[in-house]
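> Okay, here's what each chain looks like letter by letter:
Number of protein chains: 2
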Amino acid sequence: MRATRTPRAKRREQIVETAVEVFGRQGYRQGSLKDVADAVGLTAQGLLHHFPTKEALLMATLDHRGMAHLDAMNRAKPGAGFTAVGRYILQENLEHPGFMRLYITLSAEATDPEHPAHEYFVARYERSRELFMDAFRDGVQAGEIDSSIDADLAASQLVAMMDGLQLQKLLRPELDVLKTYDDAVHRLLGVRVGS
Amino acid sequence: MRATRTPRAKRREQIVETAVEVFGRQGYRQGSLKDVADAVGLTAQGLLHHFPTKEALLMATLDHRGMAHLDAMNRAKPGAGFTAVGRYILQENLEHPGFMRLYITLSAEATDPEHPAHEYFVARYERSRELFMDAFRDGVQAGEIDSSIDADLAASQLVAMMDGLQLQKLLRPELDVLKTYDDAVHRLLGVRVGS
Numbered sequence: 001m002r003a004t005r006t007p008r009a010k011r012r013e014q015i016v017e018t019a020v021e022v023f024g025r026q027g028y029r030q031g032s033l034k035d036v037a038d039a040v041g042l043t044a045q046g047l048l049h050h051f052p053t054k055e056a057l058l059m060a061t062l063d064h065r066g067m068a069h070l071d072a073m074n075r076a077k078p079g080a081g082f083t084a085v086g087r088y089i090l091q092e093n094l095e096h097p098g099f100m101r102l103y104i105t106l107s108a109e110a111t112d113p114e115h116p117a118h119e120y121f122v123a124r125y126e127r128s129r130e131l132f133m134d135a136f137r138d139g140v141q142a143g144e145i146d147s148s149i150d151a152d153l154a155a156s157q158l159v160a161m162m163d164g165l166q167l168q169k170l171l172r173p174e175l176d177v178l179k180t181y182d183d184a185v186h187r188l189l190g191v192r193v194g195s
Numbered sequence: 001m002r003a004t005r006t007p008r009a010k011r012r013e014q015i016v017e018t019a020v021e022v023f024g025r026q027g028y029r030q031g032s033l034k035d036v037a038d039a040v041g042l043t044a045q046g047l048l049h050h051f052p053t054k055e056a057l058l059m060a061t062l063d064h065r066g067m068a069h070l071d072a073m074n075r076a077k078p079g080a081g082f083t084a085v086g087r088y089i090l091q092e093n094l095e096h097p098g099f100m101r102l103y104i105t106l107s108a109e110a111t112d113p114e115h116p117a118h119e120y121f122v123a124r125y126e127r128s129r130e131l132f133m134d135a136f137r138d139g140v141q142a143g144e145i146d147s148s149i150d151a152d153l154a155a156s157q158l159v160a161m162m163d164g165l166q167l168q169k170l171l172r173p174e175l176d177v178l179k180t181y182d183d184a185v186h187r188l189l190g191v192r193v194g195s
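Those protein sequences? They're chains P and L, same order as listed.
Under UniProt numbering, the first residue of the first sequence is numbered 1, with each subsequent residue one higher.
Under UniProt numbering, the first residue of the second sequence is numbered 1, with each subsequent residue one higher.
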């Protein structure tokens, strides 16, 4: 990468982080490019120089954290240890409540097949379930997870638990997401996660 | 109730059922009163005679199924049998996919404190959790549920599982919601629900 590209890449990252906050607070359909531009000190025209459309900015926003989550998955221990990835993602999202709201609102909006992020969310669900499923199968083979556990069902359950707890947190701020997740993993899979 | 009120009550119900479909397909913010009016053969003016505002129609839409769910809760067996209520609500929503989409989309949209349905969803979560929690405490006392189970955590987990599975179903139609729920209840609470 040439050094001259760095300021542009930094600017881009700043725009994406701001868009997460704006779309997270106002929703994608209500959030405007102008609000994002104002917050980073650009004109709307200047912003379009970095992202040609609102949809392009949306996808960059989703990819931004998606990359951090993918990193976590790649660093994860195989087998039962994989449940720690779910915990890490929840912890990350708790530290970025704007993104948590964006993610939950968009995944619901995107159930509409006409939504620009529909394919993204369909693929994301498929991939998350597969990663969990493979990890749980490894865990059963390694004797870390009880062999009565159906990896397919358990993967759907863990993904549902993560989504549902985040939605609930946004409506009930006093919910202890990590404690509830840890207990659910313990009961659903018979393994201990967390501190 | 006077017999002369019946046609009006019927008309009202027809409007609400149509609104569930329209808001469920297009979302509340995008769905229009005119689409609802067209579908039931009324003018927009005629519709306003039944519901003075779009927000009033939204609340009636939420109450409509909310009543069916409350009925189910009132008919439920105490203790562990209460998990059957969750199953019944899921089954109901699977039969009314328009409502399922409306419910999931709105609960996410309504995490915004400025949303007209915010208070409704906050109260609904509080009430659902309390009902599950009381039932699980009864179940522990009656010896139906293992005493190591924390009723507070289990209630949050069941509600999260129900929401998460419905969101997942909308993005992955092949998901067997009831089978996954039954297995989760069995693992989370040690009780059998379903057929």
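Certain hints may be false.
A pair holds if it fits inside one copy or across any two, identical chains being indistinguishable in the list.
Listed below are the simulated DSS-like cross-link pairs for lysine-lysine, each with C-alpha atoms no more than 30 Å apart in a straight line [claimed, not checked]: (1) Lys-10 - Lys-179; (2) Lys-179 - Lys-54; (3) Lys-54 - Lys-77; (4) Lys-54 - Lys-10; (5) Lys-77 - Lys-34; (6) Lys-77 - Lys-179; (7) Lys-179 - Lys-34; (8) Lys-34 - Lys-10; (9) Lys-54 - Lys-34.
In short, the hints are calculated from the structure, not lab data.
> Tell me, please, which holds for Lys-179 and Lys-34 at an alpha-carbon limit of 30 Å: within, between, both or neither?
Neither. Shortest intra-copy (39 Å) and inter-copy (46 Å) distances fail the 30 Å Cα cut-off.
> Treating 30 Å as the Cα threshold, decide for Lys-77 and Lys-34: within, between, both or neither.
Neither. Shortest intra-copy (43 Å) and inter-copy (54 Å) distances fail the 30 Å Cα cut-off.
> Taking 30 Å as the upper bound on the Cα-Cα distance, should Lys-34 and Lys-10 be classified as within, between, both, or neither?
within (20 Å within a copy, 46 Å between copies)
> Tell me, please, which holds for Lys-77 and Lys-179 at an alpha-carbon limit of 30 Å: within, between, both or neither?
both (21 Å within a copy, 29 Å between copies)
> With 30 Å as the alpha-carbon cut-off, assign the pair Lys-179 and Lys-54 to within, between, both or neither.
For Lys-179 and Lys-54, the Cα distance exceeds 30 Å both inside one copy (37 Å) and across copies (39 Å).
> Could you figure out if Lys-54 and Lys-10 sit no more than 30 Å apart (CA to CA) within one copy, between two copies, both or neither?
Within one copy, since 19 Å is at most 30 Å while 44 Å is not.
> With identical chains, the pair Lys-10 and Lys-179 could be close in the same copy or across copies; at 30 Å between alpha carbons, which is it: within, between, both, or neither?
neither (36 Å within a copy, 47 Å between copies)
> At most 30 Å between alpha carbons: which applies to Lys-54 and Lys-77, within, between, both or neither?
neither (37 Å within a copy, 51 Å between copies)
> How would you classify Lys-54 and Lys-34 at a CA-CA limit of 30 Å: within, between, both, or neither?
both (10 Å within a copy, 28 Å between copies)
The earlier numbered hints that this structure contradicts are 1, 2, 3, 5, 7.
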